[in-house]
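2 protein chains.
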Amino acid sequence: MTLETLSTNKAHGGVQGVYRHDSRETGTAMTFAVFVPPHEPGEILSVLWYLSGLTCTHANVMEKGEYRAACAAEKIIFVAPDTSPRGDGVPDDPEGAYDFGLGAGFYVDAMQAPFATHYRMRSYIETELPALLAEHFPADMGRQAIMGHSMGGHGALTIGLRNPMRFRSVSAFSPIVAPSRVPWGEKALGGYLGADKAAWVDYDAVALIERGARLPALLVDQGDADNFLAEQLRTGLLEAACAAAGQSATIRMQPGYDHSYYFISTFMAEHVRWHAARLR
Amino acid sequence: MTLETLSTNKAHGGVQGVYRHDSRETGTAMTFAVFVPPHEPGEILSVLWYLSGLTCTHANVMEKGEYRAACAAEKIIFVAPDTSPRGDGVPDDPEGAYDFGLGAGFYVDAMQAPFATHYRMRSYIETELPALLAEHFPADMGRQAIMGHSMGGHGALTIGLRNPMRFRSVSAFSPIVAPSRVPWGEKALGGYLGADKAAWVDYDAVALIERGARLPALLVDQGDADNFLAEQLRTGLLEAACAAAGQSATIRMQPGYDHSYYFISTFMAEHVRWHAARLR
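If you read the sequences in order, they're chains Z and A.
Residues in the first sequence are numbered from 2 upward in steps of one, following my numbering.
Residues in the second sequence are numbered from 2 upward in steps of one, following my numbering.
Simulated from the structure, these hints should not be mistaken for laboratory data.
Some hints could be false.
Any copy will do: because identical chains look the same in the list, a pair fits if it lies in one copy or spans two.
SDA-like, lysine to any residue: derived pairs with alpha carbons at most 20 angstroms apart [what the hints assert, rightly or not]:
hint	residue 1	residue 2
1	Lys11	Gly257
2	Lys11	Ser261
3	Lys11	Ala214
4	Lys198	Ser181
5	Lys11	Arg144
6	Lys11	Lys65
7	Lys11	Arg253
8	Lys198	Trp275
9	Lys11	Leu230
10	Lys11	Ala226
11	Lys65	Ala270
12	Lys65	Glu26
13	Lys76	Ala200
Here the structure is a predicted model, which means the values were calculated and not measured.
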């Protein structure tokens, strides 16, 4: 698979790169960011996936996430994909809303026209991009972890729950924990998957836990001043599901923090170190 | 003086704020960012000024600078002003170039029409904004340091050299060290101050050192893969001036680093700690 390098910048002794490739799954060019920390020739490194939230590209966390110092110290490759297919012919929300379509792929394989052709972010993240990463970067695919923010927290939780042998640890900032039961999720899952909620279960972390899926390790940070907490995120549903299922989890309410990258960057290094301890 | 709060976000236990006020010096509304780390009621904290480079606003370092963790640990207030006046009636480069006019105030008090009315960034940074800071923030104005990047490195060096009793330490990333002798500086100083180079000396770090100005402590980091190094930055002129004058200085060439915030953020925490040691 061919990979085009859009930019590289030395940072924290490693290389922050931005790359583009023609995706088989989405049928579009896809852009993603990878930070490779300093390492010895021939050495292969653990991989931490970061899935972004609504409206984001690969660039938001790359610019504002403050992960490189910790990834360099822990020798972890940090991968930040885009949040949807983009480009000519990719359908968007009919009204251009921020919470569906472009920038809002919700990490699903869409089943509904006109979205099913390009909106294949589940297969892109779970299958295509890992193969590309393994081919082009010094990645130890036997040591992977995944994290995300908001919609990307939903992505990290559900991808982690569906692939418990692949990801040794899963963490999230401000995740959408039960998309089947909140407005953002109802719109997105309905629009991409259709009205039959049986197809939604694979994309709902709380529903997956209730059906028996488990994670090896789970860390969630949620700001209590987050405007989306009560209506869209509903962290309490995840706490209840974990408690009922016996899923071990560290779920922390962080007083005074909001939904922004000021919150994420505050706790990013701690999340990286937490993953690193489980990837060693 | 009245201060309008545009935004506040909790970060690293403190508050990252963005503020606006009507500036007496520039005759415009001016926006700036301040990070106040966690502290005890009534406590006053050291102040670190950060002056940004060409094209930047207060927001670039606020989003990409990765200073908050270190400022929280060291209990330092971090202040990031804008780089020029902006708004209706503020003249720009006649051709809209990035290196003069809006976003390119060069930290001078302009003497040439039509710039002299609004382009008073020297007095704004040296006089007006410190008074505003002292009035509205828990700032210990007896303990100040200053740093900057590129054009802002020029600003930090020259403001530091003109005010050696105020700033205990000065540092810079990729500074323009001798604007009188490089294209960016010749255009800016000529355009703002006029053709008589006698007026330029106050705004040229190397010239100030050659005339006897000194800094209590100086740290400079410069990437050797910086595209602007040879023509615009010319770090060697600062090294030579410091050596000839007996000015103590730590001037480091960092291999492989470029002019971007990926470079700045790599060494930011180290600069903050270096200032902190001198502010204690």
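For lysine 65 and alanine 270, with the copy left unspecified, which applies at a CA distance of at most 20 angstroms: within, between, both, or neither?
Intra 13 angstroms, inter 15 angstroms, cutoff 20 angstroms: intra and inter.
For the identical chains here, do lysine 11 and alanine 214 meet the 20 angstroms Cα criterion within one copy, between copies, both, or neither?
neither (40 angstroms within a copy, 35 angstroms between copies)
Between lysine 198 and serine 181, at a C-alpha cutoff of 20 angstroms, which is it: within one copy, between copies, both, or neither?
Answer is within: at 8 angstroms inside a copy they meet the 20 angstroms cutoff, but 69 angstroms across does not.
With identical chains treated as interchangeable, where does the CA-CA distance between lysine 198 and tryptophan 275 reach 20 angstroms or less: within a copy, between copies, both, or neither?
Classified as neither; 35 angstroms inside a copy, 57 angstroms across copies.
Between copies, within a copy, both or neither: which fits lysine 11 and arginine 253 at Cα up to 20 angstroms?
For lysine 11 and arginine 253, the Cα distance is within 20 angstroms only across copies (16 angstroms; inside one copy 34 angstroms).
Checking an output row: lysine 11 and glycine 257, CA cutoff 20 angstroms. Within, between, both or neither?
between (34 angstroms within a copy, 6 angstroms between copies)
Have a look at lysine 11 and arginine 144 and pick one of within, between, both or neither, based on CA distance no larger than 20 angstroms.
Close neither inside one copy (24 angstroms) nor across copies (33 angstroms); limit 20 angstroms.
Lysine 76 and alanine 200: within-copy, between-copy, both or neither at 20 angstroms Cα:
Answer is neither: 38 angstroms inside a copy and 51 angstroms across each miss the 20 angstroms cutoff.
Homomeric proximity label, lysine 11 with serine 261: Cα distance no greater than 20 angstroms
between (26 angstroms within a copy, 9 angstroms between copies)
Go through the copies and call it for lysine 65 and glutamate 26: within, between, both or neither, with a Cα cutoff of 20 angstroms.
Classified as neither: same-chain Cα gap 28 angstroms, cross-chain 32 angstroms, threshold 20 angstroms.
One pair to classify: lysine 11 and lysine 65, alpha carbons no more than 20 angstroms apart. Within, between, both, or neither?
both (16 angstroms within a copy, 15 angstroms between copies)
Up to 20 angstroms between alpha-carbons, please classify lysine 11 paired with alanine 226: within, between, both or neither.
between (35 angstroms within a copy, 9 angstroms between copies)
Hint compliance for this structure: hints 3, 5, 8, 12 and 13 are broken, all remaining hints hold.
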